[in-house]
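Chemist: In order, the protein sequence lines correspond to chains U, L and X.
According to numbering that gives the first Met the number 0, the first sequence is numbered sequentially starting from 0.
According to numbering that gives the first Met the number 0, the second sequence is numbered sequentially starting from 0.
According to numbering that gives the first Met the number 0, the third sequence is numbered sequentially starting from 0.
Rather than coming from a laboratory, the hints here were simulated on the basis of the structure.
Among the clues, some could well be false.
[To be verified] Heads up, simulated DMTMM-like pairs for lysine to aspartate or glutamate below, C-alpha to C-alpha not over 20 Å straight-line:
#1 Lys-389(X) to Glu-327(X)
#2 Lys-104(U) to Asp-271(X)
#3 Lys-166(X) to Glu-149(U)
#4 Lys-166(X) to Glu-64(U)
#5 Lys-297(U) to Asp-31(U)
#6 Lys-218(L) to Glu-380(X)
#7 Lys-37(U) to Asp-74(U)
#8 Lys-37(U) to Glu-127(U)
#9 Lys-563(X) to Asp-218(U)
#10 Lys-563(X) to Asp-194(U)
#11 Lys-563(X) to Asp-209(U)
#12 Lys-389(X) to Glu-219(L)
#13 Lys-124(L) to Asp-207(L)
#14 Lys-139(U) to Glu-127(U)
#15 Lys-115(U) to Glu-380(X)
#16 Lys-218(L) to Glu-381(X)
#17 Lys-105(X) to Glu-149(U)
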Amino acid sequence: MNALEAINLSKTYSATDGFFIKNKKNIRAVNDISFTLKENQTLGIVGESGCGKSTLARMLVGLLEPTSGTINLQDKNINQYQRQELGRVIQYVFQDPLSSLNPRKTIYQSLAAPLKYLHQHDHTQIKEKMLSIMSEVGLKEEFLDRYPHEFSGGQAQRIGIARALLADAKILILDEPVSALDVSIQSQVLNLLNDLKRKFHLSFIVISHDLAVVENISDEIAVMYFGDIVEHNSSQKIFQSPHHPYTELLVGSVPTLNKQFADIQTKHTELPDPANPPSGCSFYSRCNYRSDKCQNNKTPINSAQKTPFVSCFHPL
Amino acid sequence: MNRLLSAIPVVLGITIIVFLIISLIPGDPATAILGSYATPENVAKINKDLGLDKSLPERYLIWLGNIIQGDFGRSFSLNRPVIDEVMERFNATLILSGTAFILCSFLGILVGTISAARQYTLTDKFITFIVLIGISIPSFFLGMMMILTFAVRLKLFPVSGMYAIWGGGDLPDLINHLVMPSIALAIVATGVVARISRNAVLEILRQDYVRTARAKGVKERSILISHVLRVAIVTILPVLGLQAGFVLSGSVYIEIVFQWPGVGRMLVDAILKRDIILVQGGVVFVSICYVFFNIAVDVLQRVLDPRIR
Amino acid sequence: MIDFLKIVAKNRLAAFGGILLLIIITLSILAPILPLKEPNITNTADRFMVPFEGGHILGTDHLGRDLLSRLLWGTQLSLAVGFAAAFIAATFGSILGAIAGFYGQKTDNIIMRFIDMLMAFPYILLALAIVAALGPGLFNALIAVALVNIPFFARNIRGVTVTLANKEFIEAARLSGMSNFRILIVEIFPNLLPMIVIAMSTTVGWMILETAGLSFLGLGSQPPQADLGSMLGEARSALITNPHTSFVPGIMIFCIVMGINLFGDGVRDALDPRLKKGSLIRPLPQTIYEGGDTQPQPSTKLLSVQNLSTQFHVNQDIYQSSNDVSFEIQEGECLGLIGESGSGKSVTALSITSLVASPPGVIKKGSVNYKNQNLLALPYEELRSIRGNKISYIFQDPLTTLHPLHTIGDQLLEALQAHDSELSASESISKSKELLKSVQIPNPDNLWDVYPHQLSGGMRQRVCIAMALINDPELIIADEPTTALDVTVQAQILNILNSLRKERKLSILFISHDFGVISQLCDRVIVMYAGSIVEEGPVKNIMQQAAHPYTSELIKCVPQLGNKEHALYSIPGNPPSLNQLPEGCAFANRCKYKQDQCLKESVPVSSKDNRSYKCFYPVGGVA
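All chains should be modelled from the sequences, with the hints used to inform the complete structure.
Modeler: So this is what it looks like as C-alpha cells:
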C-alpha cells in the first residue's frame, strides 16, 4: 500500500487588479507533478524559495485546494476524507515551531486538541496518552503547564512533533523541520525523527532547502525548480551523481567544509516570472548545457512515477 | 482614473445609507420631514415631491436622479433650494476647517517628530504633556475659554462671526475672525497627529535601513529628514485623511461656539427645526466632498510610496 | 491580572489617571446618597450664584439649580452613556471585524465594503443624520455615537484577526480537527482580547467627548435632565457674565477624558506586545559607552578590539551579549566570526562602530583601537566620518536594510556624498555605476531608478556590497550577508566577495553561523559561544584539530553532502541564557570533558603559536 500518492498535481493562484477593468493573472506555483510515498519511507523534497514546495506541502494535508490533479492517502482520495478523519491519517509539522503554538495556551491545551477533537478521548485518556508521547519525544511532564514563549526552538519543535504524533497519523509532512534551529540542535531533532519513524511505522515527506538535511533523513529525493520536479532519485545517488543541470548547480553551490570555491556560472540568476512562465524548460535561461530544443519544448513530466527520473533533454 | 471610478460605489453607498436612515423615520413621513412646517399644503406637496405612493427603491432612484442633476430638494424652513444654501455655507466651513486641517497637519508632524527625535528630554516631556491636554479638552469648551480670555478680557480678537458687521469683508478681517476658531478646531487634531507622528518616527528609527544609513555615515539630520520623515509621512497620510473627517466634524461645535456661518450650524439648526430635506442634502453633499478628498489622499499616497504603485 | 495592574501602577502617569478616574466615578456613583441638593429644582431667585454663595459649593446656574449636584448627576450620566457607547461599538465592531478577518473572501468583502461606506462619512454627519431621523435625545445620541465608532473597531480587529488567521497555530488547530467556529472562539478570541481592550481604552475618552458634544449642540440629553455636555451648552449663553457655570462642567469633562487617556496609555503599554519589546525607544546615533576614556593598547594591526563588553538592559535583566571580547584584524585578511544564534557575534560586529541599538544596548567597557584612537570613545562627528568611509557594513537581509522609498541610484549616491562632497554629480554617478558592474550587475543603467522591492534578493545584496565598497573602505564588516539568500545565490555572492577581496586586497570581518561558508572564504576564524570567544586561529588548523570542545563538536555537527552514511551528530542541551551566565565555563553543562574546575572558575585564555583557546582541558592534543 502506498502511504501517499500525488498525481498530476497543479496549483495556480489567480491575482486580479483593477476595479472595473480586471486583469486576471495566473501565478504558477506547482506545475503538474506526480510522486509516490511508500509506507515507512521518507521522501525528501528540496528546492529554493519560490519553487512551490510549501504550496505542495499545504495541498498534501488539505490546507490548500489543488487547481487540478489528485491526492490519494492510503489509496483513498483526499476529498473522501472528513476533516477529523483526515487529521487521523496525515499531520503537519510546521517550520517555525513557536508560531505553530498558540501563545495564550498552555502546552497541555495545545497538545490536548488532537486527542479531544480527532479521537474524542476523555480527560484521563488524554493525560495518559500525552505523557507517554511526551516521554518519547524527550519532553518533561512539568512542561505541560507552561506557555510557548518559555521554550527554546528545539523544545518547541519537539512539542510540534508530539502534537502530530498524538493525532496518531501515520503520514507526517515535515516542512523545514529544522531550519529554524541552530546546527548543534538540528541533529537532535533529526535523530528523534528517525527513531520515531521506526518505532511508530511512520512515513515522512520532508520539505527543505537544506540538501544535507534532506539527504540524511530521506530514502528518495525529489528536486523542485519553479513548480516542477526536475529530478527524482534515491538519496544515495541524487547528490552524488546529479543528472539534471539544476541539481548539479545546487550541489555545487552548497558550502561544505574543506571545499574550495567551485567556479559557478553566474550569467543568469533570476527565476522566470511565475505569471508568465517560459514555454520550454524553466531552467533554460540559467542552464549551461541548453540547446534550441530546450527553449520551446516542454520537458518531460513524471506521470509514470518512475525513479530515477530527470526532466531534461540533455541529462548529465 | 481607476481611483475616481472606485468612488462611484462609495458615493452610491453614502446616498443609500442616508436615504435609508431618513426613510426609517417612524410615523407619517411627510409630517415627520416637515416637522413644524407641516401645513396641509406642504404635506400634500411633499407627498407629491417624494412620490410617497411609490415603493422605496423607486423613491430612491428618483431622489438619486435629482441629486445627480444637482437638485437636492427645497428647504422648508428657509424656503430656498437646499443646494444654494449648502454651497454658501460649505464655503465658510471649508475656510475654517481647511485652515485648521493645514495647521494640524504641519504642526502635528513637526511637533511629533521633534518629540521623537528628542525622546525623554524635557522638550519631549513638555510636548507630550501639551499634547495630552490637547487631546483631552473638548474643543467647544476650549473655544469658549478662548473667547473669554482673548476676546473678552484681552480684546485681541473678535468674539464671533466670520466678518465684522461694519466695514469688514476683506481678507485681513477674515483672518482676524479666523484665528481663534481655527486654532480651537485644530488643537485636538494636532494632538492626535503629533502622537501618531511621534510613534511612527520612533518605530521607523529602529528599522534596519536607518541602521544602514548610520553605517554609511550619513548625517543624523539627513537621516531624520530623508530617511525617517519620508517614510513617516507615508504612514501618517491615511491618518491625515481620517483627521480631515474629524476636523470637519469638530467644525460643527466650533461653528456653534463662534457663530461661524457654516454647514455645521446650518445642520444643527435644521435638525432642531426638523427640516429633514435640508439635513439630508447637507449630509450627502459634504460626505461626497469628503470622499473625493480621501481619494486625493489615496492618490498622493501612491505617488509617495513606490511599493503600492 | 494582578501582574497587569502592577505594570499599569508602575507607570506613574497611568496611576494618576486611574486614581483621578476612580475618584470621579466613585463620586458620581455616590451621587444618590451624598447630601446633595435636588439637581432639577429651579429657584430663579438664586440664579447665577458664585461658588460658596448661599450654601452652594459650586454656585448655581441660570435657573438657580445647585451646580455641584447637577455636576455629579451629569457626570454619572455622561460616564454611563460614554461607556455604554464604547461597549456597544466594541462588541459589534469586534464581532464584525473578527468574522471578516477570519472567514475572509466574500464575507470579508461584504462586511468591509459596508464598513468603508460608514467610514466615508465625516463621523458627525452620520451621527447628525441618525439623530435627525430618530429625533434629539440622549439614547439616540448614544446609538449614533456607538454606530459611527463601529468602523474603528471593525477595521482594527479585522487587521489583527487576519494576521492571526494566517499564523501556523491556526492551521495546526484545523489539522487537530477543530471546526472553524471553534477555532474562532477558542484560538483567536483570546489573542484578540488584549487588542479589543487597547482599542476600547483609547476610544472611551473620545466617545465621552462625542456624546457630550451632541448634548452640547442640544441634540443629546433634553432638559431638565442634563449630562455634562448639555450643562455646558446651557451655560454658553452666560459665558461672559457668569463664566463659572461653564467652567464647572467643562473642567469635569477635561478631567474625565484626561484620566481615561492617561490610564488608557498605561493599559496599552502593559498589553501591547510590540511596546514590551521596546519598539518605541529611539536608538541613539551611537551606542552608549561607559568605558570612560579607556586608552587602547597600542597595536600594529588594522583594527584591534580589546576587552569589549556589550550588554542589553531590558527591564531588570542584563543580557551579557559580548563578554570581554578581544581580537585583531590584519590588513588584507578575511577574518571569520562564527557562532550560533545568541552567541553575540552580531553584537560584537556592530559594537565596533557603536551601531548597537542603544538603549537598550550599552558598551560597558573595552576599546576598539583603530589608528591609535579608541573608536568607542570618539565624538559623534569623527565617528561618522569613519562609518561607511573607512569601515563599512554589509547586513543580513538586503530587503530591510535598503531604504524602501529611495531608488538604488540615490542610495548609492548618498553613501558617496556623505563623505566626499568634492566629487561632481556626473563623476559620482559614473563611479557608482562602475561599482555596480564590479559586483556583476551587467546593466547598471537599468537598475539606477529602480526601488529595492523590485529586485531579487541576490541583486539587492549585490547593491549592498557595491554600497559598502563605494568609499574604498579599509575594512568591511559583513554580518551574515548570505543567510537570507538561497544556496545558489549564496554561492554567487560568496564568489563575488572572494574575487573582490583578492582584487582590492580588502580586509573583511565575515560573520556567519555556517562553518562551510567560513571555511571557504576566511583565513582565520574566531569561534564565539554565549558571548565569549572560545577559540581563535587559522581556519585550516582549526578544521583539522579544534582545541575547544565546543568547536570540535560544532564541526562534527555540520552535515556533509554526498555522504549519507555520515552519522548525524548533535550537542546535547541548550546554550545558557545570556542574562544568567554561569560562573565558570558557559559550555560546561553541555561538555563531555567537564571537570569540577570548569563549573567554578572563570577560564583564562591560553595561547600557543598563532592559536588561542579558552578551556582548561583542550581536546585534540593542542595543548
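Chemist: Hint by hint, say whether it matches the structure.
Modeler: Do the hints match the structure? See the list:
1. Lys-389(X) to Glu-327(X): This hinted pair holds, its Cα atoms lying about 16 Å apart.
2. Lys-104(U) to Asp-271(X): Holds, because 18 Å separates the two Cα atoms, which is no more than 20 Å.
3. Lys-166(X) to Glu-149(U): holds (19 Å)
4. Lys-166(X) to Glu-64(U): holds (18 Å)
5. Lys-297(U) to Asp-31(U): Judged against 20 Å, a Cα distance of about 12 Å means the pair holds.
6. Lys-218(L) to Glu-380(X): holds (8 Å)
7. Lys-37(U) to Asp-74(U): Status holds; Cα separation ~11 Å.
8. Lys-37(U) to Glu-127(U): violated (31 Å)
9. Lys-563(X) to Asp-218(U): Distance ~10 Å between Lys-563(X) and Asp-218(U) Cα, so the pair holds.
10. Lys-563(X) to Asp-194(U): It holds: about 17 Å lies between the C-alpha atoms, which stays within 20 Å.
11. Lys-563(X) to Asp-209(U): Satisfied, since the Cα-Cα distance of roughly 14 Å is no more than 20 Å.
12. Lys-389(X) to Glu-219(L): holds (18 Å)
13. Lys-124(L) to Asp-207(L): violated (27 Å)
14. Lys-139(U) to Glu-127(U): Answer holds: Lys-139(U) to Glu-127(U) is near 14 Å, not above 20 Å.
15. Lys-115(U) to Glu-380(X): violated (64 Å)
16. Lys-218(L) to Glu-381(X): With a Cα-Cα distance of about 11 Å, the restraint between Lys-218(L) and Glu-381(X) holds, given a limit of 20 Å.
17. Lys-105(X) to Glu-149(U): violated (39 Å)
In terms of the numbered hints stated before, the structure departs from hints 8, 13, 15 and 17, listed from lowest to highest.
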